[in-house]
Amino acid sequence: MDLRDTPEEAAFRAEVRAWIAANLPDELRGHRGGAARFEGRAMREWSRRLSDAGYSGLTWPREYGGAGAPYSHQAILFEEIARAEAPPHIGVIGLGMAGPTIMAHGTEEQKRRHLAKILSAEEIWCQGFSEPEAGSDLASLKTSAILDGDAFVVNGQKVWSSYAHIADFCILVARSDPNPPSKHQGMTYLIVDMHSPGVEVRPLRQITGEAEFNEIFFTDVRVPCENVLGEIGEGWSVAMTTLLHERGTLGFALTTSLEVAVRKLLALVRERNGHDPLVRDRVAREWIQLQALKYTNYRALTALMQTGIPGPEGSVSKLHYSESNQRLTKLALELHGPEAQLMDGETGGYWQYQQLRSRGNTIEAGTSEILRNIIAERVLGLPRSR
Amino acid sequence: MDFSFTDEQETLRREARAFLEERFPAERVAELADSDEGWDPASWRELAELGWLGVSIPEEAGGAGLGFIEEAVLLEELARALYPGPYFSTVALALPALSPEEQARVAAGEARWSAEVDGLVPDLGAVDWVVADGAAVRAQGHVLPTMDATRRLGRLAAEAERGASVGAIDRPRLLAALAAEAVGIAQRALEIGVEHARTRTQFGRPIGVYQAVSHSLADTYVETELARSLAYWAAWCVAEDDTQADVAGAAAKSFAADAAVAACERAIQVLGGIGFTWEHVLHRYYKRAQWIQSFAGFGAVLRADVARAVLEGGEAAELDGAALAAEVG
Ligand SMILES: Cc1cc2nc3c(=O)[nH]c(=O)nc-3n(C[C@H](O)[C@H](O)[C@H](O)COP(=O)(O)OP(=O)(O)OC[C@H]3O[C@@H](n4cnc5c(N)ncnc54)[C@H](O)[C@@H]3O)c2cc1C
Chain F
1 MDLRDTPEEA AFRAEVRAWI AANLPDELRG HRGGAARFEG RAMREWSRRL SDAGYSGLTW
61 PREYGGAGAP YSHQAILFEE IARAEAPPHI GVIGLGMAGP TIMAHGTEEQ KRRHLAKILS
121 AEEIWCQGFS EPEAGSDLAS LKTSAILDGD AFVVNGQKVW SSYAHIADFC ILVARSDPNP
181 PSKHQGMTYL IVDMHSPGVE VRPLRQITGE AEFNEIFFTD VRVPCENVLG EIGEGWSVAM
241 TTLLHERGTL GFALTTSLEV AVRKLLALVR ERNGHDPLVR DRVAREWIQL QALKYTNYRA
301 LTALMQTGIP GPEGSVSKLH YSESNQRLTK LALELHGPEA QLMDGETGGY WQYQQLRSRG
361 NTIEAGTSEI LRNIIAERVL GLPRSR
Chain Z
1001 MDFSFTDEQE TLRREARAFL EERFPAERVA ELADSDEGWD PASWRELAEL GWLGVSIPEE
1061 AGGAGLGFIE EAVLLEELAR ALYPGPYFST VALALPALSP EEQARVAAGE ARWSAEVDGL
1121 VPDLGAVDWV VADGAAVRAQ GHVLPTMDAT RRLGRLAAEA ERGASVGAID RPRLLAALAA
1181 EAVGIAQRAL EIGVEHARTR TQFGRPIGVY QAVSHSLADT YVETELARSL AYWAAWCVAE
1241 DDTQADVAGA AAKSFAADAA VAACERAIQV LGGIGFTWEH VLHRYYKRAQ WIQSFAGFGA
1301 VLRADVARAV LEGGEAAELD GAALAAEVG
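For the protein sequence lines, the chains are F and Z, in the order given.
Residues 1 to 386 in our numbering are what the first sequence lists, from first letter to last.
Residues 1001 to 1329 in our numbering are what the second sequence lists, from first letter to last.
The shape of chain F in the complex, shown without the other chains (with noise of 0.2 angstroms):
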């Protein structure tokens, strides 16, 4: 055990900050994200200069346009970004789940075709697996994918799906066998370009006001067989790899947002309530809660770089982030007092957008009752609750 940095991670950790403060405009410096990000090109070039220095894929293979380090690289990289209050890259999809999936099951081809241009955010992806019909209890979903000659036809729809109105691409999980054994089997999991003939995407308005996630309507879309990820029929075993991903690699985004969420609660409450012990008590409570979250996951790291596999401590952070950034960014208005309401406020809204936000936090990713479910019935053999 020791916590401190190796020498060469010292020198990673040093080289990442001094390359942060040269290169993060002043403007993104504790940017609110949301769909903000979207309005002009700064956060795009921000990500490229991310991509172009080597820091997007950092743990991905050379071969794919990343740099091969190791994860506890990929830990400091998030500190430091968290410590400078620098915008993620923008493609969260396509870095966390759409890439992951493509180096595991992928073709050569389709491994050429996407990986670097993930990197570099020139190809923004959406993530199309919820319907009307199918949230929870995935499985049921109803779009279909039939194959027809030298190409899957799909029709149906998806909805609350993340950056779709701005995507290139989309990975999507439809039903290739409308009549399947068993709800988990008959599925094929394809790379939609969302520019085909026949997509059409409608945003939906968010809590915040914001239209971020979006219905997509599928019409007689032709998607290419070479656009099958992984084998046909077996499109749910393909999607439990992008659910992995999505929760298992979570955990340092979450320590970075949270990290910076409690940065500036901090600041917050040195300038108004610093003498109220009520206040302090409350404060100190997030800042322990950070920090178990922060040792959680290098516990998760260590483990996962001694066996190569993510432990069950994925699903513990997801649940244990979102529920501290729900009970914080309460607290943070709560320091407003009576302008609390006040969206155009000294802080521009930031907080209100925040704690609004953050009540998606327990939907998106798997809702805290199915992860609850999952580590009753995987990580402590409860019996199935279905």
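Worth flagging that the hints you see were computed from the coordinates, not collected in a lab.
All C-beta atoms, glycine included, are put in the ideal place defined by N, C-alpha and C.
Warning: the hint list may mix true and false statements.
[Unchecked claim] Quick list of simulated restraints, FRET-style, between CB atoms: (1) Asp1002/Z <-> Glu323/F: 26 to 36 angstroms; (2) Thr1201/Z <-> Gly233/F: 31 to 41 angstroms; (3) Glu109/F <-> Asp1002/Z: 33 to 43 angstroms; (4) Gly233/F <-> Gly1314/Z: 56 to 66 angstroms.
Assemble chain Z with the ligand onto chain F, guided by the hints.
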């Protein structure tokens, strides 16, 4: 960065668990806790022979020359077994205040110690000496009726004989030790709850299928893992004399103690009537969890320390990034 135990440390944990499960099963702990003496003094010899009393004492002084991380492993396992005896008092509380000669006597199993904290002395009736106000005081006084009968508190008599002067107790180390114990308690409470939820049937199904039951156990798992991370972080800081030891100890103890209490409360609920009996071992874990919570500061007291560190102290400077920005230049 490496946040894992070494093979030797894992072996120590396995051996400790095996020994404690064999020598201190729940029935024996209950018997001892309900006895007048409260523990089995013969067990001290066994701990000395296992080398557990001198884990962090240098080899020249008859110890193993290891560190606090190994001690934290043992404290966690001893708590998991609810070992009734003054290991915590001697090793976690008093040891750092003692001279090398006296530490050698501890390693050899020849002296048992405790310390006075907030006017109370844990295990007063089971030790020889007490660290109080910078002096060694003979363990003379009254053992008081204590909720947790496996770790009774006492008060020194005013006329208790004062001996040589000794050092001070090491607060971060004390807090880290309590956090490690809390993790052991929470883990055992979780196991008891899970075992029951798997086997107890009501309405024709094991109660673990009901989410009101399973989700409460999942919450215990999450909190126990978070507490574990904090406790090991604090243990490492203490072992390495890291500048964060103070704040890590306070953070870990406040969180882990609360997690252990909640773990026991959820387990009691999951067990139903049997969880409310004297006969079942669970109440003894609950009482130890509350003992840990109350000793050396409830959560709010420790969080006040954390607040000071992160709002005004060294942690604040670290968080400000001012120092770091200067470093990068
Ligand atoms: C901000 C945001 C972004 C999203 N982005 C995407 C995206 O990019 N791509 C995508 O495909 N999807 C996305 N989603 C959708 C998300 O994955 C689903 O909302 C989620 O899986 C829940 O599905 P649902 O909305 O249909 O709710 P339901 O599954 O109907 O759940 C409703 C409630 O019932 C509970 N529930 C359901 N089943 C159980 C059970 N077995 N036990 C206990 N409780 C249960 C749930 O926990 C929830 O509280 C996003 C969602 C949000 C909020």
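Comparing the hints with the structure gives:
For the hinted restraint 26 to 36 angstroms between Asp1002/Z and Glu323/F, the CB-CB distance of approximately 29 angstroms keeps it satisfied. Range check, Thr1201/Z to Gly233/F: about 39 angstroms between beta-carbon atoms, so the 31 to 41 angstroms window is met. Take Glu109/F and Asp1002/Z: their Cβ atoms lie about 39 angstroms apart, and the range 33 to 43 angstroms holds. In this structure, Gly233/F and Gly1314/Z meet the distance hint of 56 to 66 angstroms, their C-beta atoms being roughly 59 angstroms apart.
Consistency note: the structure conflicts with none of the earlier hints.
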